[in-house]
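Asker: Listed here are the chains, written in short residue letters.
There are 2 protein chains.
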Amino acid sequence: MPSSLPSWLQPIPLVETLRLELAPPHLNDNAGDLDRLVRALKQEGVTPIHVSPLRIDHLVREIRNARFNVAAVVGYASCHWELLDVFPLSYEEPILAFAVDLGTSSLAFYLLDLTWREIIAQKSIPNPQIPHGEDILTRILFARDEKNRQTLQKLLLDSFNHTMHEMLEQNGFHAEQVFAMAVAGNTTMSHFFLGLDPTHICREPYIPAVNRFPFVHARELGLSMHPEGLIYVFPNVGSYFGGDLVAGILAAGFHRSEELSLLVDVGTNAEVVLGNRDWLIACAGAAGPALEGGVMERGMMAAPGAIDRVRIDPLSLEPSYHVLGDEKPVGICGSGVIDAVAEMFRVGILTIQGKIDTSIESPRILKTPDGPAYVLATGEETADSRDLLITEIDVGIFLKSKAAMYTILTVILNKVGLSFKDIKRFYMAGTFGNYIDPAMAIRIGMIPDLPLETYRGLGNTAGRGAAMVLLDRSLLNELENVCDRITYIELNVNMELMNEFRGALFLPHTDPRLFPSVEIPERSRG
Amino acid sequence: MPSSLPSWLQPIPLVETLRLELAPPHLNDNAGDLDRLVRALKQEGVTPIHVSPLRIDHLVREIRNARFNVAAVVGYASCHWELLDVFPLSYEEPILAFAVDLGTSSLAFYLLDLTWREIIAQKSIPNPQIPHGEDILTRILFARDEKNRQTLQKLLLDSFNHTMHEMLEQNGFHAEQVFAMAVAGNTTMSHFFLGLDPTHICREPYIPAVNRFPFVHARELGLSMHPEGLIYVFPNVGSYFGGDLVAGILAAGFHRSEELSLLVDVGTNAEVVLGNRDWLIACAGAAGPALEGGVMERGMMAAPGAIDRVRIDPLSLEPSYHVLGDEKPVGICGSGVIDAVAEMFRVGILTIQGKIDTSIESPRILKTPDGPAYVLATGEETADSRDLLITEIDVGIFLKSKAAMYTILTVILNKVGLSFKDIKRFYMAGTFGNYIDPAMAIRIGMIPDLPLETYRGLGNTAGRGAAMVLLDRSLLNELENVCDRITYIELNVNMELMNEFRGALFLPHTDPRLFPSVEIPERSRG
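First to last, the protein sequences are chains A and B. Counting along the first sequence from 1, when you hit position 41 you're at 41 in the UniProt record's numbering, and nothing is skipped either side. Counting along the second sequence from 1, when you hit position 63 you're at 63 in the UniProt record's numbering, and nothing is skipped either side.
Okay, chain A solo, but in the shape it has when bound:
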């Protein structure tokens, strides 16, 4: 993230150190010690500035210690500033900050040096709330009880403190040097982080307690940072369109782009944003856990032992695959499933209805008591010595998920009277968005049939967006504007979906004209 721009062109971080030689006290200038600093800050445009009443005594002592030549650490809080601390003019310590991707399954921390504009360290840990529910809905139900809500918050904050402490110590820093944090999470996780009741998030009409969170001070949450440290929690657009997505909009550059772009965060819910710097429309809909490999018998998250890439030889029908972590295969993750279904379709194992053609004679095609299946890995190859099968039932579940995804995309474009070909950039974010092979996803009709260069994986957009805000405070106001401009459609109740959905249940679609680039194998026509 280091920038080669000249310093006066570089964006200004959320927290910065201003070096000020204050006019010394004099009989003809009897401004109070603190007023003297506030006056000098005002001359620098840093106004109005808030000072925590209980910190005045400390600040004034530091101003005197510094003999009125001070390094003032100030934070930008959108409609005002905050005076975070005062040091002698010679203070040279960097201003540190944490960008946090507050995910349902994992938390990613980025330790930034705002002064030198670099990432010092990063670390991911599992979300400590998982024992109280793998998925967010279970946790929302658990959190109905206020005590449980406190438990969930405490788990998070303890994990934050532990991880932050570790990262700081390993790099020779300490908590008091951390003056800011930006947290991008989905709506529910952000509620948990701030100890808010998420009950109404999952009930029609799906209303969060808060969409636009106020700035919080580290001391208010008991976070191991500088006590006055500013914590920015990304705003939500709706119950199913959280701060993680808003950070994603930033990371993808929607707020500054003239071209029509689309961002989709693929997970249990598919969240979609369409637009450019002038307008934005967003929606979220249930895609089902199949896209995360969560429902299929051998489905798993992208972790060591997961098959993430599959190819099938069209003649022998023998598969080749790639396993994460160079291990024996344990299961198959989302991108692996997309590959597997796409390849099974290409070589004619799957019909356009998603049925396995059992008339094919091959050791790879079995008839099991649960129905037909394709043997992706034999017991000799797998970690548990059991065959790793892709069953017709698995495929059926998966088709619903991919159909949901395509339907959501169709509906949002219909809403604004545009068609897929108008999209110039198609960003894929989220847990496995980065791993999807667009060619494969197009072949099965999960995403539209656009030139492959339109597609772009984005990696951890939430963490990236959070870091961006920390490094460029002007983005705070841009974000505010972005949120004001977003039109949000609640798809959970959209009837149009059902009709679109039926057509999308096929491979690639009942209307093949939508996927001109996809060659439909003769055998697959069923």
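You can trust all of the hints, since none of them are fake.
Intra- or inter-copy, both count: the list cannot distinguish identical chains.
Computed list of lysine to aspartate or glutamate pairs in EDC-like fashion (alpha-carbon distance at most 16 Å, straight line): (1) K367 <-> D357; (2) K424 <-> E453; (3) K328 <-> E381; (4) K355 <-> E392.
Don't read these hints as lab results, they were simulated from the structure.
Following the hints, put chain B in place on chain A, whose structure we already have.
Answerer: Frame of chain A; chain B shown alone:
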């Protein structure tokens, strides 16, 4: 303070209840619960509004409890608003507030109902810090040690809580109904209240830690009010020109008057403001404790047993006097001393140099080992059976104080090139300002020889000014402007003083043309 203005013309108090019927949650309007309220407040012009992060959970619960028809209690904090609490629409409890005069020797509390605009109760208590120093300088020295400073603050806050609790209970109210407090004190007392170090106040160049205090929340000081209650501490203009005086400027109406006015707060220091709504000049100088009756052998504060009025028969030289509290005299307070000296001068006992004319044959005039004296009350009349004397030494000390006062007034007028006759209103505030008889004070040359109707006692200006701000939030910004406009002169180091001072040491002055109304007795010419 109840006003008969139509409601739409009445000033709006610092804290008010806004009744809002929020748009109910709907699929097409997915604003968060809190955002919904913030949006409605914005439409009422109440923006930007701050919400304490740790209170969101409570506020959202109340919004839901109220089914989105809420009574929102909002406080005005000058450059932003604060959302203090939320109740159901039917909430009818009054919004209470305390105005506090934070004096060196006593604290005066006024319990106000901001909704109905009336004073519910008032109560004065001695300043609980007195055991650590009668005068403010002793306390400043005591407070050098941080622990002692904490002790002084705790004494104050405990007294506040105790008194407030008592006043609320007696009137059937409770702490949670108190949403605001305005505190007007001198610079040092305001520092003690907020736990700030006053060390530099009493050392050249006399710089306070802070002149403009930020708003404080009740919870931050541990005051027994609503935890989010807003506490406004009046700003200081300088170390010897505190928030009590600024409140006085408000109470005297300087900020809105076209006429030239002068306000003097008479005490150990004489603080003076001169000006009108367009300009203000202020200064403070040591007048010596004599004006408070603090140095003379039988001097005392205005309390039961103090002689506060004196007349002397010009023929018999026999005195008549009034004693506070209908008791036997114990001592003499400031206004009594002024009367006594003025009468002694009028009847020819004192020369213009302030000497007692011992050539007069009268049982009232004694020659004591300590010099000549006048017997104001004999041992038969006094509480301790000792003669109550006004000695020549007492008079000498007193003349220095009155000369200091007159000098300060002269210097401030010279500064702006005006003369006393330009003054249309002369306000006297402070502990005993209200009790001074202007005719007497003119006769001894303590205040200028202006028409008597120019003079006006103001009573507790600090408490009044504090109540005014609570009842009219627009005054907050006017006050800010007033403080910006005040030119403050530090008189402690003004050389011009010494020359003026010498002339003012006489009765009424070396230049009798300055006091044309004062008849100088033939005998007194010495």
